[in-house]
Amino acid sequence: MSFTLLAVQILNGLQLGVVLFLVAAGLTLVFGVMDFVNLAHGVQYMLGAYLTAIAVSKTGSFALGLVGGLAGSLALGFAFELVLFRHLVRRDHLEQVLATFAVILIVTDLARMIFGPAPIAFPLPAMLSGSIALMPGLAYPVWRLVIIAAGLATAFLLWFLITRTRTGMLLRAGSTHPDMVSALGVDIDRVFLFVFAFGAMLAGFAGAMAGPILSVEPSMGDNVLILAFVVIVIGGIGAVRGALVASLIVGLVDTLGRAFSTDLLRLVLDRSSAAQAGPAIASMAIYLVMAAVLIVRPTGLFSGERVTARSK
Amino acid sequence: MIGDALLSRLVRILVHPATVLAGLALTIALGQILGQSFWVTLATRAAILALAALSLGFVLGQGGLVGFGHAAPFGLGAYAVLIAGELGVREILVLLPAAFAAAALFAAATGALALRTRGVYFIMITLAFAQMAYFVFAGVSALGGDDGMSIAGKATFLGAKFLRWDVNTAWLALGLLTATFLFLSRVQHARFGRVLAAARDAEERVAALGWSVYRVRLVAWILAAGLAGLAGALMAEQTGFVSPALMNWHRSGELIVMVVLGGARKLSGAIVGAVVVVLVEEFLGGVTEYWKLGLGVLILAVVLTRAVDLSALLRRTAR
Numbered sequence: 002m003s004f005t006l007l008a009v010q011i012l013n014g015l016q017l018g019v020v021l022f023l024v025a026a027g028l029t030l031v032f033g034v035m036d037f038v039n040l041a042h043g044v045q046y047m048l049g050a051y052l053t054a055i056a057v058s059k060t061g062s063f064a065l066g067l068v069g070g071l072a073g074s075l076a077l078g079f080a081f082e083l084v085l086f087r088h089l090v091r092r093d094h095l096e097q098v099l100a101t102f103a104v105i106l107i108v109t110d111l112a113r114m115i116f117g118p119a120p121i122a123f124p125l126p127a128m129l130s131g132s133i134a135l136m137p138g139l140a141y142p143v144w145r146l147v148i149i150a151a152g153l154a155t156a157f158l159l160w161f162l163i164t165r166t167r168t169g170m171l172l173r174a175g176s177t178h179p180d181m182v183s184a185l186g187v188d189i190d191r192v193f194l195f196v197f198a199f200g201a202m203l204a205g206f207a208g209a210m211a212g213p214i215l216s217v218e219p220s221m222g223d224n225v226l227i228l229a230f231v232v233i234v235i236g237g238i239g240a241v242r243g244a245l246v247a248s249l250i251v252g253l254v255d256t257l258g259r260a261f262s263t264d265l266l267r268l269v270l271d272r273s274s275a276a277q278a279g280p281a282i283a284s285m286a287i288y289l290v291m292a293a294v295l296i297v298r299p300t301g302l303f304s305g306e307r308v309t310a311r312s313k
Numbered sequence: 050m051i052g053d054a055l056l057s058r059l060v061r062i063l064v065h066p067a068t069v070l071a072g073l074a075l076t077i078a079l080g081q082i083l084g085q086s087f088w089v090t091l092a093t094r095a096a097i098l099a100l101a102a103l104s105l106g107f108v109l110g111q112g113g114l115v116g117f118g119h120a121a122p123f124g125l126g127a128y129a130v131l132i133a134g135e136l137g138v139r140e141i142l143v144l145l146p147a148a149f150a151a152a153a154l155f156a157a158a159t160g161a162l163a164l165r166t167r168g169v170y171f172i173m174i175t176l177a178f179a180q181m182a183y184f185v186f187a188g189v190s191a192l193g194g195d196d197g198m199s200i201a202g203k204a205t206f207l208g209a210k211f212l213r214w215d216v217n218t219a220w221l222a223l224g225l226l227t228a229t230f231l232f233l234s235r236v237q238h239a240r241f242g243r244v245l246a247a248a249r250d251a252e253e254r255v256a257a258l259g260w261s262v263y264r265v266r267l268v269a270w271i272l273a274a275g276l277a278g279l280a281g282a283l284m285a286e287q288t289g290f291v292s293p294a295l296m297n298w299h300r301s302g303e304l305i306v307m308v309v310l311g312g313a314r315k316l317s318g319a320i321v322g323a324v325v326v327v328l329v330e331e332f333l334g335g336v337t338e339y340w341k342l343g344l345g346v347l348i349l350a351v352v353l354t355r356a357v358d359l360s361a362l363l364r365r366t367a368r
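Protein chains in written order, with the numbering used here: chain A, 2 to 313; chain B, 50 to 368.
Fair warning: there could be bad hints in the mix.
Derived, one-sided and incomplete: chain B residues facing chain A with beta-carbon distance under 8 Å [unchecked claim]:
1. 166
2. 189
3. 190
4. 191
5. 193
6. 290
By construction, these hints were calculated from the structure, which means they are not laboratory data. Note that beta-carbon positions come from the ideal geometry of N, C-alpha and C, so glycine has one too.
Hey, can you work out the whole structure from these sequences and the hints?
This is the structure:
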């Protein structure tokens, strides 16, 4: 286990972490503000990747394509909310689970129908596709560094939006005291609409960021959705700060676990059993972290930020 | 035009558990007599998934626990059969209890944590733990990893090679389904079942009466998982093949769909829902490769029309 390998894996973990954060941030806001279980959030991640990939290849410009993909994701977020999800917000959780599960089935199949089941190419511009040497002997892909930077910048932007602007104030108030906010003359449904569409855009952004390093295919949202759930359980529902911390924990634990579990097990086991058990134990790691958090704090690390739990 | 009263009586007879179970039995018998092995396979599949859905329906309908990870105990039951087969155990009277125990143990460990939480948390945590089981088995290359592997051979019954014939597996599945239904109906009306249902409606009151709601729910959760494990074991026997795909989270979603389509409040709803979903999948799967789209539209229709369940939707659309 050399230092270079460790550094590369830490950067990979950070990169997975910020992608998860982009997905989980939107999801946790929707949970927190609307008390709405949106399983279809992974679908928005997938659509963001497709829209951006297509926009990039159509316009021939990466920047234009990214803007197009983001605008498309935002528009889809508005459309989903207006057509379907606003009718589900005041239903019970079981109905929300069913309806959004149905949306996954429908949209995934539509994507297969329209784009085909095979992964599509998402080329990066030459400027972003190489590697740079961070230090002697450590070359790292530029695009992954861009993802980390973009994710952290988004986190800062969200922090600013939520704590320093009037919209953020409404959002915080709406998540804890929706009836009071609406009695004060704020159209709470409109707040929900914008939160939802914004969350969809963040998920789409995550898809656009992850697209070039993963394969863009119809079921790409599934795994990310469940990892985002783990993030939210660890971080606490509705807590964006919790989502950031938990995403980085999950990203690092998962990546480092996969990279080093076999080596670590070899210290106590023989070579072949370590090679057998390593991958299985590595894939359990983040769930064990989740279980540990649940034992200590059943409502997540940062759940204190939500004053009261709303009941339906 | 059919009268409303007649129509709703007809629907009630159609979705009665006895009708559905008899229909499955008839399909198996006719399939055997007419040599239509496909009918037998389909009825077996329906009975197995109905058993899994029934176990989920018990905790979801009676207990009010929206578990989104029921594919995990189902898959664990199947893996118990696979692992036992690798160790040379092929006796069905050992395999079924082993599958039950494997699934129940998993549920005891994860349920003890998940049941400390409520609502959205519970849904996400059960889903996450089920996904953990999925990835663990996908990572064990000795059990075929992602691809899965064939079981060592068909099970024996007291040493006799009883399950070598598919039709016997079918009768076993239907028999277990019927027995489980009768057993859970009995539990539902026993004190335990009443406390469970009461805790669903008014948790604080039940707690105030001195019951440990947590403990009652945990026992129900473990029981349901064990029964799902039996279903998984039967699935392994039927297909002769076990892979992590059995535990895919889409299956957890489909099991919830079955329970709700059939009507979650009634125990028998899960059986009806499972048979309907299996038939819909089979029919749509024959027409188009995009059958999940059709299933999704059906689910949306049921949820959005607030028809509550399929029999209500039938009654509404027929009107």
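### Task
Mind listing which of the numbered hints don't hold for this structure, in increasing order?
5 and 6
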